[in-house]
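Taken in sequence, the protein lines are chains E and W.
Numbering follows the numbering used here, with no gaps: position 60 of the first sequence is 60.
For any residue, its number in the numbering used here is found by taking its place in the second sequence, counting from 1, and adding 1000.
Please note that a few of the clues may not be correct.
To be verified - Label pairs and their calculated CB-CB ranges:
| hint | chain 1 | residue 1 | chain 2 | residue 2 | range |
| --- | --- | --- | --- | --- | --- |
| 1 | E | R19 | W | D1776 | 14 to 24 angstroms |
| 2 | E | Q214 | W | F1326 | 54 to 64 angstroms |
| 3 | E | E124 | W | L1004 | 34 to 44 angstroms |
| 4 | E | D220 | W | V1415 | 47 to 57 angstroms |
| 5 | W | T1458 | E | S140 | 33 to 43 angstroms |
| 6 | W | S1369 | E | S71 | 54 to 64 angstroms |
| 7 | W | D1776 | E | S140 | 43 to 53 angstroms |
| 8 | W | P1338 | E | S71 | 31 to 41 angstroms |
Unchecked claim - Straight-line Cα separation of at most 25 angstroms, PhoX-like style, residue types lysine-lysine; simulated pairs:
| hint | chain 1 | residue 1 | chain 2 | residue 2 |
| --- | --- | --- | --- | --- |
| 9 | E | K208 | E | K175 |
| 10 | W | K1509 | W | K1470 |
| 11 | W | K1503 | W | K1695 |
| 12 | W | K1695 | E | K84 |
| 13 | E | K201 | E | K185 |
| 14 | W | K1128 | W | K1098 |
| 15 | W | K1065 | W | K1241 |
| 16 | W | K1694 | E | K84 |
| 17 | E | K159 | W | K1694 |
What the hints assert, rightly or not - Short derived list, chain W residues pointing at chain E, Cβ under 10 angstroms:
| hint | residue |
| --- | --- |
| 18 | D1459 |
| 19 | L1463 |
| 20 | A1685 |
Hint data in this document are derived by calculation from the structure and do not stem from the laboratory.
All C-beta atoms, glycine included, are put in the ideal place defined by N, C-alpha and C.
These are the residues of each chain, in order.
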Amino acid sequence: MIHIEDMCKVYRMGDIEVRALDHVSLRVDAHEFVAVVGPSGSGKSTLMNMIGCLDTPTSGRYLLDGMEVSSMNDNQLADIRNFKIGFIFQGFNLLQKLNALENVELPLIYQGIHARERMERAAEALELVGLGDRLFHRPSELSGGQQQRVAIARALVSKPPIILADEPTGNLDTKSGADIMRMLKELHVKGNTIVLITHDKEVAMQAKRMIRIQDGKICDDRAVV
Amino acid sequence: MKKLDIRLLRMIKHSKGQFISVVVIVAVALLIYMLFNVTSINIRSAVDNYYALTNLNDIHIQLVKIPKGALSELLTIEGVKTVQGRVSFDVPLQVENKDERVNIRLISIPPDEEKINILYRLSGKRAKLGIDNAFLLEQFAKARNIGPGDKLSPKINGRVHELSVSGIAASSEFIYLMENEQAIMPVPEKFGVAFVSEEFAQSVSGYGGSYNELLVIVEDESKMDDVIDRLEKKLDKYGVKRMIERKDQLSHNVLIQKMDGVEKMATILPVMFLSVGAIIISIMLSRIVQNDRMAIGVLKALGYSNLSIMSHYTKYVLAIGMIGSFIGITGGLLLAGPFSQLFAVYFNIPLIRIGIYYGFIISALILTSVFCILSGLIGARSVLRIMPADSMRPEAPKSGKRILLERIVFLWRRVAFSWKMVIRNIMRNKRRFAFLVLGLALAYAINTVPLFEAEAFTDIFELQFGQYQKMDYTIEFSRPMNKQVIKDLSHLIDASIMEPELKFPFELKNGWREKTTGVIGLPRSTRLYEFRNSQDVKVTLPEKGFFITEALSKTLQVKKGDRITIKNFVPGKDDIVITVSDVIKQYLGANAYMDIEAMQELLADQQMITGVSMKSQDEVKEKLKDVYNISAVNSVADMKNSFMEYLDTMYVAIVFYLVFGGILGFAIIYNATIIGIAERNMEFASLRVMGFDKKDIFRMVNRENFVMTFIAILVGMPIGLGMINGIINAFSTDIITFPKIIAPSIFINAAAATIFFVVIAQLAARRKIYTMNFIDALKSRIS
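This is chain E alone, in the form it adopts within the complex (with noise of 0.2 angstroms):
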């Protein structure tokens, strides 16, 4: 599904030059549920951009679901993520404008779809979410657990191969926090794969296998049980 081969990524801060990923590698196959852990700075934010194809890397090889990716350009790279990867950010990242039903919508609006099933899939995915009853309310009128599960519904409702998942739980409070990891981990088990970022290492333990990431460069990988 995921497969890195030698990345890297260097920024340069006038002469001094960052490497945010340093020669790293990486596998993730369909149906696993990952978390890539780290402190502040270690490079998992950039590791995230590469794997979400935000970013394209500086050296090293990229191949999604089968395709070179690294070498694609900005349109392309906006196709993979519209029809490959489902994000959920740390800070939801909903249209204030828009109502959830909305939100949920616009995936599908770029994928050309027809607005009549647009409505019924958006709808269906607020429904798995548990927000069945909340389609036209807009963000400031949902609670913060109920707007990260819109952008769960959002990132699932164009059924992409990946959920990348960037500190999904951090703006939560405890109780919300644990309703989005149950959450995820039932997506898991009805067969998303899915990636977690994460500097809590609470929160990592809940993925399947986890991955530790300290200077750009990958210091451990592990499954979890």
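Could you slot chain W onto chain E? The hints should help.
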């Protein structure tokens, strides 16, 4: 340099596109302000100097005939300082091309040096005028490429005379050279003035020992009315045709009106520009303050007062104001010189002194400071609300309320998703949207003005010489004739319609309001004139009473049914009181019309006519060129050609205005887009993550801008209409009345121009979307 000032510089660098666009608006505003005002002052003072230097007459009197000896008597009139008599008459000039009609006014110069309307001799300064030479007016000489030594062949009373050009002169009386009030614009190659010796003028015109015009200088201009009354009484027996004060003198009048127009623009345009600039500045600054929330919180926590932080942001605006002012004022001053020269050349003012008027610099700076500081304070006022503790937390998201349209479920459901986004985004900040729409509407309205002018000028001509007057030629006799002359003419010319005309200038009086105007007598059944009243209803000349034009009714403050006095200059004929039967439309010139028979009986003599108008495909000019007693053959086709040439110069003004409107439109859309992008960074980043590409987002922003543009155009239409009405009122004169014809093409073309600049602004703002770092945006705050 203080740390905050360094930060200010960084702020400017970061928002340089927006900064520059607002600086341009301020600079253009001040450039127009300085340029137009300084030019106007330069021209006005040059004209005043010129008048003083050449001793331009205060009163110009046209009369039937006055003997030379009677002049000394006039000097005894209280308030009269100097009097000078002259002979003046228009005659055709023979030129190489026989089909070309060129008229020349021959004006006599006293044998000793002229005391009034002294010629400004450009060449041949020492030449003396005799019976075979003349000085030629500069504009005419230039237009026809005539120089000293060349010959002129005026045809006077059927005989061609030969005059050699001894010199070229400018005259303060003919700064703006127009044949008469009916002329729409100067056509210097068709009409000129030659100054000849009194001896020559009197001998060829039959005015031996007498004059038909007087020039008067008064002692005290404030007592002008009294002097005119006394002169009228004294001159009554000599048949005063017209008494023209300097303010009504054709050239002076046009010149002053043009300068008034320039000054009006010098106020209106800068205020419009600065208003739009202020709108943009306040929106821009409120966005910057919003972005700087955290930094402001930190500064406040460190002990900076509200005042010091606000002044930091106000400095940003002042920087815009200062740089804009510097460029605008310097540019205005630098351009004012050449621009004044250009005007001076256009108006044929030989002397011009370019001045620097510090008063304008100061008022320009005050104007800019007021606009900038006010908009800065409005924009930065949210600084006051920021609490240090709050500012450390990420900004709470704006709640997305339901908009009114959403409540109309039936309609809302039918709106496409992408349009829903657009509508909601617009509705999110209604006040700002309203301001931006207003600014863009102003830009649009500015565009309608020159387009209206071009349209109006064409319409004026088409209406006047297509609908209201249907003749092909008008023929003027050199002296009043018996109407039997029509029979003679019909033997010479093959015309489908030929009608007599009786035309004299009379003074019309309503109480203290008076105006000298051409009263035209026509057959009641005229087929060459069509009269339409203010309601656009066709009306026929009455048996008694007369019609006056809208312009005249405005000047004299009379309406249908009112009675006014016609002062009769014809010796032996009394003044008459007559009813205004209707007020009619006429766009060029201001006349009064009455039944020719009634006019003959009341104001002139039985059977008398002064000209003929006709519809004819015949070679009228060729056939009448050697006919005695014909002073002019005017062809409507010639006038049309001259008019079309004049329109070409109009297009320069149109482009000028369109660029002004364009700069405003560009700045508004560019800034609104940039600010919008900055505010919606996160939203766009989210969309980008979900797979929307840059083009999709650009398209979305475009849609919003076009909705804004569309609404602005709708709002701009009544504003444009208001401006057009203002132009109609401000620029309609006795010579030209602008028709209130609002053609759709004005608004369509103005919209096209506005949209063009909006597209340019969008393309300029596109880079911001294309280079947006959406990864950073995603991390920056909670949605």
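With respect to the beta-carbon atoms only, verify the hint that R19 (chain E) and D1776 (chain W) lie 14 to 24 angstroms apart. holds (19 angstroms)
In this structure, is the beta-carbon distance linking D220 (chain E) and V1415 (chain W) contained in 47 to 57 angstroms? holds (52 angstroms)
Proposed interface contact between A1685 (chain W) and chain E, which counts if any beta carbon pair is under 10 angstroms: Given a least distance of 7 angstroms, the restraint on A1685 (chain W) holds.
For the pair supplied as a hint, K1503 (chain W) and K1695 (chain W), confirm whether the alpha-carbon distance does not exceed 25 angstroms. violated (71 angstroms)
Is 33 to 43 angstroms a correct range for the gap between the Cβ atoms of T1458 (chain W) and S140 (chain E)? Because 57 angstroms falls outside the window, the suggested range is violated.
Given the hint of 54 to 64 angstroms, is the C-beta distance from S1369 (chain W) to S71 (chain E) inside that range or not? holds (56 angstroms)
Assess, step by step, whether the Cα of K201 (chain E) is no farther than 25 angstroms from the Cα of K185 (chain E), and give holds or violated. Given that 25 angstroms is the threshold and the Cα spacing comes to 16 angstroms, the pair holds.
Range hint compliance [Cβ, E124 (chain E) to L1004 (chain W), 34 to 44 angstroms]: The hinted range 34 to 44 angstroms is violated for E124 (chain E) and L1004 (chain W), with Cβ atoms some 55 angstroms apart.
Please check whether L1463 (chain W) passes as an interface residue: C-beta within 10 angstroms of a C-beta belonging to chain E. At 53 angstroms from the nearest chain E Cβ, L1463 (chain W) fails the 10 angstroms test, so the hint is violated.
K1694 (chain W) and K84 (chain E): Cα distance at most 25 angstroms? Holds, at about 19 angstroms.
Given the hint of 54 to 64 angstroms, is the C-beta distance from Q214 (chain E) to F1326 (chain W) inside that range or not? Cβ of Q214 (chain E) to Cβ of F1326 (chain W): about 56 angstroms, so the range 54 to 64 angstroms holds.
Keeping to a limit of 25 angstroms between CA atoms, is the pair of K1128 (chain W) and K1098 (chain W) held or broken? Since the Cα atoms of K1128 (chain W) and K1098 (chain W) sit roughly 31 angstroms apart, the hinted pair is violated (cutoff 25 angstroms).
The structure is inconsistent with the numbered hints 3, 5, 7, 8, 10, 11, 14, 18 and 19, although it conforms to all the rest.
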